[in-house]
Amino acid sequence: MGMLRLSVNLDQEKGFTLIEVMIVLCVVGLFIIITSSVYSSAKEMSTSFETQLTNDLHFAQLVALKEKQYVTVRFDASKQNYKMIAGYTPNEKVLADVMLPENVELLENGTLSVFRYAPSGNTTTFGVVRFKVNGASMNYHFYLAKGRFYVEKS
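With the UniProt record's numbering as the guide, the letters of the sequence shown map in order to residues 1 to 154.
In case anyone wonders, no lab produced these hints; they're calculated from the structure.
Once the Cα atoms are required to be at most 16 Å apart in a straight line, the calculated EDC-like pairs of lysine to aspartate or glutamate come out as:
hint	residue 1	residue 2
1	K132	D76
2	K132	E105
3	K132	E108
Each pair of labels, with its calculated beta carbon distance range:
hint	residue 1	residue 2	range
4	Y150	D97	22 to 32 Å
5	K79	V28	43 to 53 Å
6	V24	L62	52 to 62 Å
7	K146	T111	15 to 25 Å
The C-beta atom is built at its ideal place from N, Cα and C for all residues, glycine as well.
Starting from the given sequences, assemble the full structure and let the hints guide the process.
Following this line, the structure appears as structure tokens:
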């Protein structure tokens with residue numbers, strides 16, 4: 001048996017040059033950076049909306065306690081906004097009239113569209129207000145009395 005002779009001719013080898021590999025790595029890196037920044041931007045907008053609404057609800061409750069008057073919170077799915085009003089007509093005062101951002105949708109299938117904070121800070125009704133934020137569900141659950149609520153995300 002003879003020995004097999006393995007001969008490699010480097011000129012005939014097909015492969016990738018260092019430049020080609022670097023270009024591919026740069027394109028993949030740019031794709032990852034762009035994708036992650038879009039995702040983090042959407043996540044940031046969702047967190048921003050949740051923070052704003054939560055702060056507005058706490059503010060409405062604080063006004064009810066401090067001013068010793070009813071504060072009405074009204075969610076309007078047809079106008080895609082929420083409004084907070086202190087007192088009653090004709091002496092009512094609009095505390096906030098907030099249009100929802102483009103990435104947030106107030107859904108009509110919630111069980112609560114209007115509730116009040118009493119002068120004691122307690123709520124007068126209970127239910128759920130439903131939102132869709134960046135395609136994900138976000139629900140605000142309000143409890144009867146105590147003025148408490150919690151946010152459920154899915």
